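Asker: As a plain string of letters, each chain reads:
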Amino acid sequence: MIRFVVLRSLRALITMLLAVTLVFMFLRLSGDPAAALAPPDVGQEVIDQYRAKMGLDRPLPVQYANYVASLASGDFGYSIHTGRPALGLFLERLPNTLVLGGAALAIALVVGIPIGVVAALNRDSPIDRGVMAFSVFAFAMPNFFFGLVVILIGALVFGIFFGGAAGPASLGTVLAPALTLGLASMGAFARFARSSMLETLNKPFMIAAEARGVPRGRRLLRHAGPNAAIPLVTLIGLSLGALIAGSVVTEQVFAWPGVGQLLVRSVATRDIAVVQFLVLAVALTMTLTNLLVDLLYLAIDPRIRAR
Amino acid sequence: MSTAPSVLKIDGLTVALPEGGDRRYAVEAVSLSIHAGEMLCLVGESGSGKSVTAQAVIGMLPPSLRVVGGTLRLEGTTLPPQRHRAFERLRGPRIAMVFQDAAASLDPVQRVGRQIEEVLEIHGFGGRSARRQRALALIGAVRLPDPERVFKAYPHQLSGGQCQRIVIAIALALDPVLLIADEPTTALDVTTQAEILKLFAELQAARGAAALFITHDMGVVAEIADRVAVMRVGRIVETGTRDEVLNRPQHPYTRQLLAAARATGDRRPRQTSQPILEADGVTRIYRERSGLFASREVHAVKNVSLRLRRRQTLGVVGESGSGKSTLARCLLRLEPIDGGRVLFEGQDMTHRSERELRALRQRIQVVLQDPFSALDPRQRVGDAVAEGLIIHGASRSAALSRAREFLAMVGLSEQAAERFPHEFSGGQRQRICIARALVLEPEVLIADEPVSSLDVSIQAQLIELFTELQRRIGFAMLFITHDLRLAAAICDEIMVMRGGEVVEHGPPADVLGNPQQAYTQQLVAAAPGGLGIRDAA
Amino acid sequence: MPWTVRLALGFTILFVLFALFGELLTPHDFRSASLLKRFEAPSWLGGDPAYLLGTDEKGRDLLARLVVGARISLVVAIIGTVIGAVIGSLLGLLAAARRGFTEAAIMAAVDVQASLPIIVVALFVLAVFDNSFWLLLLLIGLTGWEIYARLVRGATLSAKEQGYALAIRALGATPGRLYLRHILPNVLSVSLVQFTVNLPLTILLETALSFLGLGVQPPLTSLGQIMSEGRDRLLTSWWLTIIPGLMIFLLAFSISLIGDWLRDRLDPTLRGAR
Chain A
1 MIRFVVLRSL RALITMLLAV TLVFMFLRLS GDPAAALAPP DVGQEVIDQY
51 RAKMGLDRPL PVQYANYVAS LASGDFGYSI HTGRPALGLF LERLPNTLVL
101 GGAALAIALV VGIPIGVVAA LNRDSPIDRG VMAFSVFAFA MPNFFFGLVV
151 ILIGALVFGI FFGGAAGPAS LGTVLAPALT LGLASMGAFA RFARSSMLET
201 LNKPFMIAAE ARGVPRGRRL LRHAGPNAAI PLVTLIGLSL GALIAGSVVT
251 EQVFAWPGVG QLLVRSVATR DIAVVQFLVL AVALTMTLTN LLVDLLYLAI
301 DPRIRAR
Chain B
308 MSTAPSVLKI DGLTVALPEG GDRRYAVEAV SLSIHAGEML CLVGESGSGK
358 SVTAQAVIGM LPPSLRVVGG TLRLEGTTLP PQRHRAFERL RGPRIAMVFQ
408 DAAASLDPVQ RVGRQIEEVL EIHGFGGRSA RRQRALALIG AVRLPDPERV
458 FKAYPHQLSG GQCQRIVIAI ALALDPVLLI ADEPTTALDV TTQAEILKLF
508 AELQAARGAA ALFITHDMGV VAEIADRVAV MRVGRIVETG TRDEVLNRPQ
558 HPYTRQLLAA ARATGDRRPR QTSQPILEAD GVTRIYRERS GLFASREVHA
608 VKNVSLRLRR RQTLGVVGES GSGKSTLARC LLRLEPIDGG RVLFEGQDMT
658 HRSERELRAL RQRIQVVLQD PFSALDPRQR VGDAVAEGLI IHGASRSAAL
708 SRAREFLAMV GLSEQAAERF PHEFSGGQRQ RICIARALVL EPEVLIADEP
758 VSSLDVSIQA QLIELFTELQ RRIGFAMLFI THDLRLAAAI CDEIMVMRGG
808 EVVEHGPPAD VLGNPQQAYT QQLVAAAPGG LGIRDAA
Chain C
845 MPWTVRLALG FTILFVLFAL FGELLTPHDF RSASLLKRFE APSWLGGDPA
895 YLLGTDEKGR DLLARLVVGA RISLVVAIIG TVIGAVIGSL LGLLAAARRG
945 FTEAAIMAAV DVQASLPIIV VALFVLAVFD NSFWLLLLLI GLTGWEIYAR
995 LVRGATLSAK EQGYALAIRA LGATPGRLYL RHILPNVLSV SLVQFTVNLP
1045 LTILLETALS FLGLGVQPPL TSLGQIMSEG RDRLLTSWWL TIIPGLMIFL
1095 LAFSISLIGD WLRDRLDPTL RGAR
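Residue numbers (the numbering used here), protein chains in the order written: chain A, 1 to 307; chain B, 308 to 844; chain C, 845 to 1118.
Please keep in mind that the hints were generated in silico from the structure rather than gathered at the bench. Heads up, some of the hints might be wrong.
Across the chosen pairs, the derived CB separations fall in these ranges [claimed, not checked]: (1) B:Ser466 with A:Arg129: 39 to 47 Å; (2) C:Leu869 with A:Phe158: 54 to 62 Å; (3) A:Ile300 with B:Gln824: 44 to 52 Å; (4) B:Asp817 with A:Ile300: 53 to 61 Å.
None of the values given here were measured: they were computed from a predicted structure. From the three backbone atoms N, C-alpha and C, an ideal C-beta is built for every residue, glycine too.
Work the whole structure out from these sequences, hints included.
Answerer: Written out as structure tokens, the structure reads:
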């Protein structure tokens, strides 16, 4: 088991290193990284200083080492347009994104998992077919389209404009974007919960429990539930990617001042220092989450724990 | 005993299959009764309707199967309709069931002790501490050591045999009047199987429960049955006491089953001839990672030497995990060898490259255990059989016509060549695999458990085919099996393997009649029905 | 075939026909602007009868633009999906066939991709390099390659352990014959099923990038870009966003339905697979 933890952590570390390497390679290919990362509106001598500091006159491996070292020391570069450090810009917007993502995840979990379980318990009934159709709908629905439809309906039917969340995020303003962002995950959770539950229901131990006279309610709650829930843990990792990707678009549609919007703006204005930092932040978040999910799996499944 | 009231009485039970099946009824007009303390064995091959009968008794027929006639009575009272809630009060306290795959029939994320307690709890047995005491007592009753420790174990921490003991403990928890066991030992090793059978029979007798024991194995019947009912395609063809059915069978089908179970080793060793395939101290080691940096070496095959002579059959007998399949792969050079030598016609093949081996491969062929995975599902049967010839340089048309000849030789029709593997039954597929191997006219055939996944009557036909083809084509055969009876029936020589090593080696009569090693003695004794040598006479 | 799948198939065929021959429905060119005809409502909502679906902010015929947008979106999605399927499947097969270092390297790349949502990668690359149609195609082609690689590797590893692989090696077949003639056809159904899952995803990725103004660039257009242009007029000229949005959604929905049906037909055991 210790072996598994160590190896898995090592793998996460390698993944992260490879991501950093990839970003470095692209930065090098993009032209002059010193000009991209140095504070804007500074003279040529400062850029030259930066170039020397980054060692751009040195061989590539040295440059790479310097890049990694500066990342490790917390120097992630400066935005061309505002002159502020990338990290600061990110931290400023992070709370908004966390609120949006958290709300979306909550909606997706609270709705998605129960309807998936209900579908499994009523297999091949109209309820089941309805839930399955919904999950395909949620999967295929582009979030920018859904968001615009929500805005349109809000404006035309309820007279509320969702499209510009000015001021701090509140429960009221977060609902529409969170629903938009959470829709795809909701469908995925429903589908996953359904298949996990169905698989468990057909296991021999469920039949054996029935043969021992265990009533249906108890069979579902005590035996099917815990067994079906274990694979759901992996969903956390899977849905995180979907939420990050979705927030890029959703924040844009609802003018939500979060990290996703920052990313899109920085790409549009070629603010490379900010973009590279955000890419690394996403990679780190995802890598750590996937690692945690695997370790969590280890902690809750006695079969894997024994290895 | 016949004067005692019946615990279970089935009268004319008929269960309909869904429309469009290969027959109308899964079970047709089945009648039987079991008294307290009596063990009735229901014998039949897969699909004979024996499991459906058991499901009906416990009220768990799948909704697609309907009871269309007959009555089921438990201690004189008619049982509720299928899947009725009233069954919940019967399952556990009155009727209990033991399934084939014990490990799978326990909840993998709950400690086994909790699972014993659960059945007590739902049927209102005692308080918390009384239930715990009872659970520990039951673990002791099924003779598991250290009940406290077992109580806290998860199913995956126990062996298959130990899991089956737990399942039996759960079944016995509330002293039911009727015990149903559906092939409870089929998934186990021979030695474990014998222990579990003995345990089950003893506990059943001690508690005076009636038992319905479902099996496909006449050997098991000889071991434990009081009475026997033989089922075939949904009908009971013969019932009687164990003595009657085993020694004076009336129905031809019963005789066929018995013949398959009783085949004995009466073959005389043939004249010695030149060895064609030899192994000299062959060793194969698997490395299992245990710690972070430590690894443990497991000898899958350890220092095995053997000599297969032309036109002879050498049997390799062992339980699962004894290394016999790994040995086969080593001899075929499909698996690296970590020590020793493999010789073909006296030439060392151990270090031949894959390229050099290719030409030789047509002279050593293989037939594998599972005929369902042994054929490429997307390749027509004719092409599958012809492929070896094409690889070794034949033209496609010549290879295909040769393939048709061999398909006919193994008893398949002309049209078989045009069809895909999934259109054939298990037995037919194994015939295709045999044709694929023999079309190359190999000098050595390695058969790795070629019949063990098939029904008994099909097994007999295939064994006949093997012996006949061997006589006609004249290959030497290495026959790998876990079944001592079978090995004794067809082999000139037998090797017994355990833990990767050869523990006994000699002609069948010596190995079976006069086993030298403790392990072989155990195997011989454990084989249900005692190899037909000491069965219910 | 259930009616839902028939309907989905019908819509998909209609969409393809529209993308191929839709120009026959309108006399206008998709680029020709007319300042006098800006924000014309669809003819059936009382707009100019010459414009069946109305016009955009430059007075361009929406129908003509949708035809071109549908064509570009479809081409990008199909080519992108094929690129991902081929690269991913071959890498997966290679990893399982070669094992050792090759496998470790491929699986490390898979890990990296799995920790970066494709839209983030695409945005990064588009920030660093100049946008071009070919670069976009390549980026979209990367969608889900790691999933093919994982699935095909797993399927190949298990196929290698199947009796038929052993028996065919025992016949004396070369590795090339074994992998290309026997194992590849058997694991291909895994890729085919994933293809139908991935196709809607590539459609959504391309339209999302174009919607953000970072995908297909003018003078070319795509359904996402049309939506993006009409977005500011959502409340007054809703058809500029809702019609292309519905087209994207219905196409992705239809293909998903067909894909689900195919998946159940081809391999019921695959349903739990990741």
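Asker: With reference to the structure, classify each hint as holding or not holding.
Answerer: Hints, one by one, checked against the model:
1. B:Ser466 with A:Arg129: 39 to 47 Å: Hint holds: Cβ distance 43 Å, inside 39 to 47 Å.
2. C:Leu869 with A:Phe158: 54 to 62 Å: violated (36 Å)
3. A:Ile300 with B:Gln824: 44 to 52 Å: Given about 46 Å between the Cβ atoms, the range holds.
4. B:Asp817 with A:Ile300: 53 to 61 Å: Once the Cβ atoms are compared, 55 Å apart, the range 53 to 61 Å for Ile300 of chain A and Asp817 of chain B holds.
When each numbered hint is compared with the structure, a violation occurs for hint 2 only.
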